[in-house]
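Protein chains: 2
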Amino acid sequence: MSDVPKFVRLREEGPREGFQIEPGPIDTTDKIALIDALSRTGVKRIQIASFVNPKAVPGWADAEAVVHGFSASEDVAYTALWFSDSGLKRALAFRDKLHVEGALIVSASDSFSRVNLNRSFDEHLALMKKQMSSLQANDISVRAAGVMAAFGCNYSGDVGAQRVIDVTAALMQVAEEGGEKIEQVTLADSMGWCTPARTEALVGAIRNRWPELQIVLHLHDTRGMGIASAHAALKMGIADFDSTVGGLGGCPFAGRPGATGNIATEELALLCEEMGISTGIDLDALIDVARMAERLVGHPLPSTLTRAGSFASCRRNMTTQPLPDLPV
Amino acid sequence: MSDVPKFVRLREEGPREGFQIEPGPIDTTDKIALIDALSRTGVKRIQIASFVNPKAVPGWADAEAVVHGFSASEDVAYTALWFSDSGLKRALAFRDKLHVEGALIVSASDSFSRVNLNRSFDEHLALMKKQMSSLQANDISVRAAGVMAAFGCNYSGDVGAQRVIDVTAALMQVAEEGGEKIEQVTLADSMGWCTPARTEALVGAIRNRWPELQIVLHLHDTRGMGIASAHAALKMGIADFDSTVGGLGGCPFAGRPGATGNIATEELALLCEEMGISTGIDLDALIDVARMAERLVGHPLPSTLTRAGSFASCRRNMTTQPLPDLPV
Numbered sequence: 326m327s328d329v330p331k332f333v334r335l336r337e338e339g340p341r342e343g344f345q346i347e348p349g350p351i352d353t354t355d356k357i358a359l360i361d362a363l364s365r366t367g368v369k370r371i372q373i374a375s376f377v378n379p380k381a382v383p384g385w386a387d388a389e390a391v392v393h394g395f396s397a398s399e400d401v402a403y404t405a406l407w408f409s410d411s412g413l414k415r416a417l418a419f420r421d422k423l424h425v426e427g428a429l430i431v432s433a434s435d436s437f438s439r440v441n442l443n444r445s446f447d448e449h450l451a452l453m454k455k456q457m458s459s460l461q462a463n464d465i466s467v468r469a470a471g472v473m474a475a476f477g478c479n480y481s482g483d484v485g486a487q488r489v490i491d492v493t494a495a496l497m498q499v500a501e502e503g504g505e506k507i508e509q510v511t512l513a514d515s516m517g518w519c520t521p522a523r524t525e526a527l528v529g530a531i532r533n534r535w536p537e538l539q540i541v542l543h544l545h546d547t548r549g550m551g552i553a554s555a556h557a558a559l560k561m562g563i564a565d566f567d568s569t570v571g572g573l574g575g576c577p578f579a580g581r582p583g584a585t586g587n588i589a590t591e592e593l594a595l596l597c598e599e600m601g602i603s604t605g606i607d608l609d610a611l612i613d614v615a616r617m618a619e620r621l622v623g624h625p626l627p628s629t630l631t632r633a634g635s636f637a638s639c640r641r642n643m644t645t646q647p648l649p650d651l652p653v
Numbered sequence: 326m327s328d329v330p331k332f333v334r335l336r337e338e339g340p341r342e343g344f345q346i347e348p349g350p351i352d353t354t355d356k357i358a359l360i361d362a363l364s365r366t367g368v369k370r371i372q373i374a375s376f377v378n379p380k381a382v383p384g385w386a387d388a389e390a391v392v393h394g395f396s397a398s399e400d401v402a403y404t405a406l407w408f409s410d411s412g413l414k415r416a417l418a419f420r421d422k423l424h425v426e427g428a429l430i431v432s433a434s435d436s437f438s439r440v441n442l443n444r445s446f447d448e449h450l451a452l453m454k455k456q457m458s459s460l461q462a463n464d465i466s467v468r469a470a471g472v473m474a475a476f477g478c479n480y481s482g483d484v485g486a487q488r489v490i491d492v493t494a495a496l497m498q499v500a501e502e503g504g505e506k507i508e509q510v511t512l513a514d515s516m517g518w519c520t521p522a523r524t525e526a527l528v529g530a531i532r533n534r535w536p537e538l539q540i541v542l543h544l545h546d547t548r549g550m551g552i553a554s555a556h557a558a559l560k561m562g563i564a565d566f567d568s569t570v571g572g573l574g575g576c577p578f579a580g581r582p583g584a585t586g587n588i589a590t591e592e593l594a595l596l597c598e599e600m601g602i603s604t605g606i607d608l609d610a611l612i613d614v615a616r617m618a619e620r621l622v623g624h625p626l627p628s629t630l631t632r633a634g635s636f637a638s639c640r641r642n643m644t645t646q647p648l649p650d651l652p653v
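So the sequences go chain by chain: A and B.
Each position in the first sequence, counted from 1, maps to that position plus 325 in our numbering.
Each position in the second sequence, counted from 1, maps to that position plus 325 in our numbering.
There could be a bad hint or two in this list.
Copies of the same chain look alike in the list, so a pair counts if it works inside one copy or between any two.
[To be verified] EDC-like, lysine to aspartate or glutamate: derived pairs with alpha carbons at most 20 Å apart:
1) LYS560 / ASP328
2) LYS331 / ASP421
3) LYS560 / GLU525
4) LYS454 / GLU508
5) LYS369 / GLU501
6) LYS560 / ASP607
The hints are simulated quantities; they were obtained by calculation from the structure and are not laboratory data.
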């Protein structure tokens, strides 16, 4: 029997990932237009903003204006990212439009924690403990954990499945001490170390340790292995993926300027479609949004499917010529 | 038991594929420098030129000068491509340096045959019959078949495994009538229709029909599925792949300007390395050649690994900081 899931949930992170890394300023109205266009493609979950320090991430200085301005669709859950109590407060101001979830997120690599979050692993874990109280004080339960640099780190090298297990166990203990239970873990390939072999090893180890834990994969295509890693994960039954339209994004603190970011949502959707997996996405509509994203950022994005177009668009546009009979 | 091969043979086609499609003229000396650099990376087979009509492919008007000028390494087989008798004659003039193989190559799609080869499938098959006689007259046996557009066609849509089986059978019959036996077939994804699911279906169907036939895959990454398709094929035991350094190339007649070409050799080598498969390739040396190729063509190539660098180079360049003990 195949482990391949029947339905895959694609969690679009293009707005949040993309606008934090683009060098040029992007108009707030353009950000809003992209989010509104994404809402019409069939994606069910979109991360639309980052409530972080505008000095560290100037691209998200207008987070409030973006969240205020976009048109929420009933069928879509809109999320945001933050790491501090002040970020949480900014998100809570939009509880009418945002799906504010409790999540404990750390980096498996201490070095990346210092570079990306400006604190050590221990300091950040202590902060997560404190933030859990703030979440609970606002009637938000904590069910999700996130492990950044879960596949490897440009600052400390290989990470390894055992380290990710230990880090996840630490997050589970923090949750338990606060009366919460982690039901989902996002394994984030923040710096593009995923390969199919690493994905199989990591997913296998986590599942072996916690068979009931829901695994979400956040894969980067930095070394060309993103879609192949997603394919390996789909074969193991993983049904939840973060991705970005057009392949927008990349991490500003990954230490490799110009490195490719997240796997492209439209390529992941095509992969699923070809495997007979439903995603609910209108692929041609999504490719149109990827082209719109390229116009907004003013340069080509990594997705090659955006340039080639879908099989369906190929079939529509070609001169229909049936294949001739063979002479033998 | 795993079907994954222990050793994979990567057939480098960057020079031939790349220089046929690049818009700008590239100096003959630069072409030679790239071939000579490739000879030092551990690849065992390099397709270095195309003996085609210079009016149709101006980038290969200097094929003779390139083949004359490069330095042949004893450990490497150098090949060339041609489709006509005059092309074969041009290749035969270099039998001291070139590995001249007999191959019968057709397009599974009649439409693509007309666009790419300027003749119908039937006309081209007749030409292949004639060329087999020329090959035999020069003491060259015919063991290989090639099927272009084996995964789909931008001019006629889906192709399907049965059509590829019929076309391969037609080539086998041509060979048999001439007293030859086809032992190897290259399935070429000329226009980027490969996906993991299509690859599994096609490889499975061909292998089911001819269990002893050696299958070579020539995959394009036009829709972002190239490396994932190679991964699926490796899991089925395929051990021979065409690829191009940096992802040079693409087909000038594929009808999609700007579309991405072949899978990048260095990304395929990394995929294999991570799966514990030997390729004999020095990955960092190959990435250096990919960067050289980018300088020669004057624009970024599709390979993302070229920009990010290998894991090994990451490990060498980072400040070594051991991961701290966890607090729990």
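ask   = 20 Å Cα cut-off: does LYS331 pair with ASP421 within a copy, between copies, both or neither?
value = neither (32 Å within a copy, 56 Å between copies)
query = Taking 20 Å as the upper bound on the Cα-Cα distance, should LYS560 and ASP607 be classified as within, between, both, or neither?
reply = This pair counts as neither: shortest intra-copy Cα distance 23 Å, inter-copy 30 Å.
ask   = Quick one: LYS560 to ASP328, C-alpha cut-off 20 Å, is that within a copy, between copies, both, or neither?
value = both (6 Å within a copy, 16 Å between copies)
Intra- versus inter-copy proximity for GLU501 and LYS369 (alpha-carbon distance at most 20 Å) = neither (30 Å within a copy, 56 Å between copies)
query = Quick one: LYS560 to GLU525, C-alpha cut-off 20 Å, is that within a copy, between copies, both, or neither?
reply = Both ways: LYS560 and GLU525 sit 9 Å apart in one copy and 13 Å across, limit 20 Å.
ask   = How would you classify LYS454 and GLU508 at a CA-CA limit of 20 Å: within, between, both, or neither?
value = within (17 Å within a copy, 64 Å between copies)
Consistency note: the structure conflicts with the earlier hints numbered 2, 5, 6.
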